[in-house]
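**Q** One letter stands for each residue in the lines below.
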Amino acid sequence: MLITIKYFGQIVEATQKEEESLEFSGTLVSELMEQLYKKYASLERKDFKVAQNQELVSLETQVSGKEIALLPPFAGG
Amino acid sequence: MLITIKYFGQIVEATQKEEESLEFSGTLVSELMEQLYKKYASLERKDFKVAQNQELVSLETQVSGKEIALLPPFAGG
Amino acid sequence: MADKKVKNVFRQGAIPSHFIGESIYKHQTKTSIGAHNIFLGQVRADIIDNKTVAAIEYTAYEDMANAKFHEIREAAFEKFELTCMHIYHSLGPVKAGEICLFVFVSSPRRKVVFKALEFIVEAIKADVPVFGKEIFEDESHQWKVNS
Amino acid sequence: MADKKVKNVFRQGAIPSHFIGESIYKHQTKTSIGAHNIFLGQVRADIIDNKTVAAIEYTAYEDMANAKFHEIREAAFEKFELTCMHIYHSLGPVKAGEICLFVFVSSPRRKVVFKALEFIVEAIKADVPVFGKEIFEDESHQWKVNS
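Residue numbers (our numbering), protein chains in the order written: chain D, -18 to 58; chain Y, -18 to 58; chain V, 978 to 1124; chain B, 978 to 1124.
Simulated from the structure, these hints should not be mistaken for laboratory data.
Hints should not be assumed to be uniformly reliable.
Claimed, not checked - Chain Y residues, not near chain V, derived (Cβ > 12 Å throughout):
#1 Gln(-3)
#2 Glu4
#3 Gly7
#4 Val10
#5 Ala22
To be verified - Straight-line distance between alpha carbons at most 30 Å, and here's what the computed DSS-like set of lysine-lysine pairs gives:
#6 B/Lys1028 / V/Lys1007
#7 B/Lys1092 / D/Lys30
#8 B/Lys1110 / B/Lys1003
#9 V/Lys1003 / B/Lys1092
#10 D/Lys27 / B/Lys1110
#11 B/Lys1110 / B/Lys1007
#12 B/Lys984 / B/Lys1102
#13 V/Lys1028 / V/Lys1056
#14 V/Lys984 / Y/Lys(-2)
We treat Cβ as the ideally placed atom computed from N, Cα and C, and that holds for glycine.
Start from the sequences and build out the full structure, keeping to the hints where you can.
**A** Structure representation (structure tokens):
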């Protein structure tokens, strides 16, 4: 499955990109994160939440969506 | 004792004046009010508080100040 | 900063919207501020017995009112960590749709401004001798009472 | 009136004070309104380890953020009797002293505006994916986290 992953704020400092398409053969968000931690060494030390199709999801959620986003702590206002 | 009495808002509709000086020979605010009710027939039906030297006082307060004000319900803002 | 001088809070007529914009602008040099909260009272065109309010004419026991505004100001600075506070109230006629009260509080952090602003506005409504004559379109009137 | 369309809340750069004044002015035709309450977020020149914040550069997951702003808006209209509500948030750099968030609520009566405004601002801080890079005067940076 081809997934679009978006990175924001300080996450971009770990990934050095704001968006990418990744081939993912697993099931859960946690598996996708493991794949990303292997790719980006410094990502594991970052604090972030995961959104799937613009809704926050847990690590146990099934990856179903086309769009996954890694969201660091909010700082609106 | 000569006292300055100030009238505000709808009180002026009863007194037809905003201020006057009155000779008062009594002791308490309640006595001063009796004197005013005799002078202004429609005043007794009005809702108001009394301030003496810019502080709210009760009917049992002694009249000591130079300035008494009759304050109808507040409507600030 | 608390200011010991009793200020004159009253302005003749409505408070113009551009005055509010300029007041906000003046605070942009105060870079310790993180949050502003502004309350505006606007005259409503209430319909009472088929008559529409066209304006409110405000009068006040000005000396006592300014002293009360000052007390409210001091109490708010005492209770809340505020950087600054401004209060303006209209005197004379203010038409429906126009602004008659402008209260402006600023603080480094947001939580305090909500509590401070509500405290100040409620105190103004309860304690300050300001009187409002609601003038209807047919020029008859009734006296406003705060609820 | 609740509006079902998802609006774009974001503005490039700081929110000018005259824009706020004009926004107030536009509400003077709505004569059922008796009370406005406005929250403004202003960028603080915080000093951290002897370095002073010169600006915050805002980014956002814009689609999700606008959807969240819309949810907050709908929830506020549901919970509180509001005549209208406006939210604007900056994107890109906003200098210390400038305004980055403008929330404006209006209602016939005052009690509701205080509660509504605080509800909206707290929801924005907690739920909307906006990110802030605090840029110091020496061009180094750190990432802002809402408390």
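**Q** Of the numbered hints stated earlier in the document, which are not met by this structure?
**A** 8, 11 and 13
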